[in-house]
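Novice: Each residue of the sequence shown is one higher than the one before, counting from 868 in our numbering.
None of these hints come from the bench; they were simulated from the model. These figures come from a predicted structure and were not determined experimentally. Hints may be right or wrong, so weigh each one.
[As the list claims (entries may be wrong)] Here are the simulated DMTMM-like pairs of lysine to aspartate or glutamate, each with C-alpha atoms no more than 20 angstroms apart in a straight line:
| # | residue 1 | residue 2 |
| --- | --- | --- |
| 1 | K1194 | D1173 |
| 2 | K1088 | E906 |
| 3 | K936 | E917 |
| 4 | K896 | E956 |
| 5 | K1194 | D1166 |
| 6 | K931 | E906 |
| 7 | K1176 | D1166 |
| 8 | K1194 | E991 |
| 9 | K896 | E906 |
| 10 | K1018 | E956 |
| 11 | K896 | D884 |
[What the hints assert, rightly or not] Here are the in silico distance ranges between beta carbons for each label pair:
| # | residue 1 | residue 2 | range |
| --- | --- | --- | --- |
| 12 | V1011 | G1110 | 46 to 52 angstroms |
| 13 | L1211 | D1166 | 26 to 32 angstroms |
| 14 | N1139 | E1083 | 21 to 27 angstroms |
| 15 | Q1085 | A958 | 37 to 43 angstroms |
| 16 | A958 | G1184 | 44 to 50 angstroms |
| 17 | Q1085 | T910 | 28 to 34 angstroms |
| 18 | D1062 | A883 | 44 to 50 angstroms |
| 19 | L1211 | A1019 | 47 to 53 angstroms |
| 20 | D897 | P920 | 17 to 23 angstroms |
Even glycine gets a Cβ: it sits at the ideal position worked out from N, Cα and C.
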Amino acid sequence: MPAAETGLCAGARSAADVHGVGFKTVLGKDLTGCVPADERVITALEGFREIAPAHNPPYATGIKRFREKLPGVPLVALFETAFYQWVPEAAARYAVPETWHQAGVRRYGFHGASHKFVAERSAELLGRDDIAARVRSLYQAGPVPVKAGAKAFRVISCHLGGSSSVTGIRDGVAIGTSMGLSPQSGLPQNNRVGDLDSAAVPYVMKTLGLPLAEVERQMTKESGLLGLSGVSNDLRDILAAVGQGNARARLALDVFVHSARHWVGAFHLALNGCDALVFTAGIGENNPSLRAAICARLDQLGLELDPAKNAALRTEGEISAAGSRVKVFVIPANEELVVARETLRCITV
868 MPAAETGLCA
878 GARSAADVHG
888 VGFKTVLGKD
898 LTGCVPADER
908 VITALEGFRE
918 IAPAHNPPYA
928 TGIKRFREKL
938 PGVPLVALFE
948 TAFYQWVPEA
958 AARYAVPETW
968 HQAGVRRYGF
978 HGASHKFVAE
988 RSAELLGRDD
998 IAARVRSLYQ
1008 AGPVPVKAGA
1018 KAFRVISCHL
1028 GGSSSVTGIR
1038 DGVAIGTSMG
1048 LSPQSGLPQN
1058 NRVGDLDSAA
1068 VPYVMKTLGL
1078 PLAEVERQMT
1088 KESGLLGLSG
1098 VSNDLRDILA
1108 AVGQGNARAR
1118 LALDVFVHSA
1128 RHWVGAFHLA
1138 LNGCDALVFT
1148 AGIGENNPSL
1158 RAAICARLDQ
1168 LGLELDPAKN
1178 AALRTEGEIS
1188 AAGSRVKVFV
1198 IPANEELVVA
1208 RETLRCITV
């Protein structure tokens, strides 16, 4: 039976074998970090369900089910927004009335567990154990002081999958990210719109005679790569269609690549340079042609890809050319490890 039905996972024969359950929760407004998955969390998830409709309701339901099946077992929520707690206000605020801000309208950022793992692992790969340790203790101690005189360590992390985001990271701490108030923002997603001028919503409501609920449905179900390509929300299908000469599929690919480059360039400037560019998640890890397309015009940033390494890599590794000033890595996502570590820390404090 599924874990949600029994409360058990592989290797657990009874409830006595389960010492804690961690949830990679998405958005709870002011509630963030790693916290007990109690009524506060459920209330926060349900209160922001309109902002993350594909994520918050099922997580709230899952927490309730596990609480029923495993009474007495600690449940922990690690919010995706946790990694962005220290983003400067100038990068987190929207230019909206203060009442909107007080209601929770701001850039939160998502894929926090994935970008946190990239921050730690890239530091290890480049011999910055001080930064890796800083990342590991981040949710417990906050950003601990960096050793005086230490060279800044700057990473741009590209989480590219069915849902995609780019995050700029300095010394293990996020300084900005492509996603904002909701997971519907930033790069074009699989079937979610990504960045869109806010005037488009009232315009299509009036011009096409659509009610708000239908506009919201189309923006979350029929947009993104699916809406652009008319083929699929899966990049593998889109690439196959590109190979067959499908012009809309080519456009979808070009829009995605353009957006990814835009954010890489923006964070290169915000970080005042970059030591490592990292690709992670399903598309980032498994699509050499897309990595090559994104890197193709980044030579002015001191970044050069090694075509042979990029094409051959099937696991973690470096794919930059020998003379590239910016190292380029593929790092398999390991959000589960981040959630497990933080859950263990939370239940043993």
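Novice: None of the hints should be skipped; say for each whether it holds.
Specialist: Evaluation of the provided hints:
| no. | hint | verdict |
| --- | --- | --- |
| 1 | K1194 with D1173 | holds, 11 angstroms |
| 2 | K1088 with E906 | violated, 30 angstroms |
| 3 | K936 with E917 | violated, 28 angstroms |
| 4 | K896 with E956 | holds, 15 angstroms |
| 5 | K1194 with D1166 | holds, 12 angstroms |
| 6 | K931 with E906 | holds, 9 angstroms |
| 7 | K1176 with D1166 | holds, 17 angstroms |
| 8 | K1194 with E991 | holds, 13 angstroms |
| 9 | K896 with E906 | holds, 15 angstroms |
| 10 | K1018 with E956 | violated, 24 angstroms |
| 11 | K896 with D884 | violated, 33 angstroms |
| 12 | V1011 with G1110: 46 to 52 angstroms | holds, 49 angstroms |
| 13 | L1211 with D1166: 26 to 32 angstroms | violated, 43 angstroms |
| 14 | N1139 with E1083: 21 to 27 angstroms | violated, 39 angstroms |
| 15 | Q1085 with A958: 37 to 43 angstroms | violated, 29 angstroms |
| 16 | A958 with G1184: 44 to 50 angstroms | violated, 31 angstroms |
| 17 | Q1085 with T910: 28 to 34 angstroms | holds, 30 angstroms |
| 18 | D1062 with A883: 44 to 50 angstroms | holds, 49 angstroms |
| 19 | L1211 with A1019: 47 to 53 angstroms | violated, 31 angstroms |
| 20 | D897 with P920: 17 to 23 angstroms | holds, 20 angstroms |
Of the hints listed earlier, those the structure fails to meet are numbers 2, 3, 10, 11, 13, 14, 15, 16 and 19, in rising order.
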